[in-house]
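S.K.: So you can see what is in the structure, the chains are spelled out below.
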Amino acid sequence: MKELEKTKRISIAAVITILVVLIAVLSYKKPKHLYANNTKSTLETITNSNFFATLEDLKGENLALIDVRNQFEFEKGHLENAINIYTPEILNDENSKILNNLKATNQTIVLYGSNTNDVTVPFLLLNQLGYSNVKMATIKNSYYQNQLITINDTIEKSIADIKEFIDESIKKASVESKPIPVKVVTPKKVITVQKKKKKPAEGGC
Amino acid sequence: MNTTKSVSKRYVFLAAILIVLAGGLVLLPKYQKHEGIEPEELLSKAISPERYISTDILADKLVNQDPSFILIDVREESEYTKYSLPNAINIPLKKLLDEESIPYLNQAQYNVILFSNDNFYADQAWVLCNRLGYKNLKVLKGGINNWYKTIINPPVPTEDMTSLDYELYNTRKAASMFFGVAYPEQFKVDKPIEVKKVAPKKVITVQKKKKKPAEGGC
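Residue numbers (full-length UniProt numbering), protein chains in the order written: chain A, 1 to 205; chain B, 1 to 218.
Think of the hints as simulated: they come from the structure by calculation, not from any bench.
There's no promise every hint is true.
[Stated by the list, open to error] In silico EDC-like cross-links for lysine to aspartate or glutamate, where the CA-CA straight-line distance does not exceed 16 Å:
#, chain 1, residue 1, chain 2, residue 2
1, A, Lys32, B, Glu40
2, B, Lys135, B, Glu50
3, A, Lys157, B, Glu50
With the rest of the complex left out, here is chain A:
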């Protein structure tokens, strides 16, 4: 009798446990996007490996160009064969499908925007999500007479030596500021003094 009660309790407890687990499993939603790399390994990849593609590299085969600018800019002008995926929409289902397809077919994804800085965020995001086949194009796009002009972009290039500029300015200023006695050269007025001719003494004694 005692044994029977014990088993009853155990089975009730078991049923409850299983129910709880079932509910937990059912309510657990698998997140759509999962990181494949942690931050440390991502940092290592971005500091050590080369993931840039120059304008010349874009002509290579087996690569898919993705324009991360908005639709308006894309329609104004874009590179040949490019697909438009605007950065804020890069995690949409549709776009994920496209990206996964490209990954499955082993194509290199090359991201480009109006300049290299534009691509930082989508590149890092995709990289962390495990798309190891992504590169960023170091190109700059601008318009000249409604024509898309694409040139190579340099990243993180210091444009000026500020310290030198400051030193230079101080030097320059101190040179110029030396009280140069400004001689106001006024043209000397030449006054020709007519010498009075001594008049011959008039008369005399």
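Please arrange chain B on chain A, whose structure you already have, making use of the hints.
M.R.: Frame of chain A; chain B shown alone:
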């Protein structure tokens, strides 16, 4: 005897279920790499222009000696020693996630402003730190190059520009002097404009003489 047999069967059954469930735990570590905030959240934060700070605002903060922020230079050390913004701390991008750097980045006391030559490296640092959930991070828009273009060497407005541009130029010029740039006209000693002391007018209240009632009369 019969009951004990069925009981033991049930125990075996229960044990089997628990083992199966425990086996499920093996699958969990797959998600361990999922460190930091959700990718969707990271994306929405990253595309917001809020995360940038302009050079003008930064210059203003530095001039006014705002104590609420720290500057972090993510360039290489060699570049940092050459020139950096006043009181900046150097954390090269490679060392961003080192243990020594974390106290600077992950704190609630100060706002952190990241910068590099452009905003390329600073953006990368921003994305990584934000994924880890660090708060109060900003990026200097345009980095040191923009700092040079706008504050250190501001473009002189041409005549067809509005007075606002002139005003901006004057503020920037004043700021650049604060950061060490000298201008030739700075040295020309202007004669101190004599401030005419306006002596407060003494208010003399004239006491009106009360008309004395006419004394006598015809």
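S.K.: Is lysine 32(A) within 16 Å of glutamate 40(B), Cα to Cα?
M.R.: Given that 16 Å is the threshold and the Cα spacing comes to 9 Å, the pair holds.
S.K.: Can the restraint linking lysine 157(A) and glutamate 50(B) be considered satisfied, given a maximum Cα separation of 16 Å?
M.R.: Roughly 25 Å between the alpha carbons, so the hint for lysine 157(A) and glutamate 50(B) is violated.
S.K.: With a cut-off of 16 Å on the C-alpha distance, tell me whether lysine 135(B) and glutamate 50(B) pass.
M.R.: Status holds; Cα separation ~13 Å.
Against the hints set out earlier in the document, a violation occurs for number 3 only.
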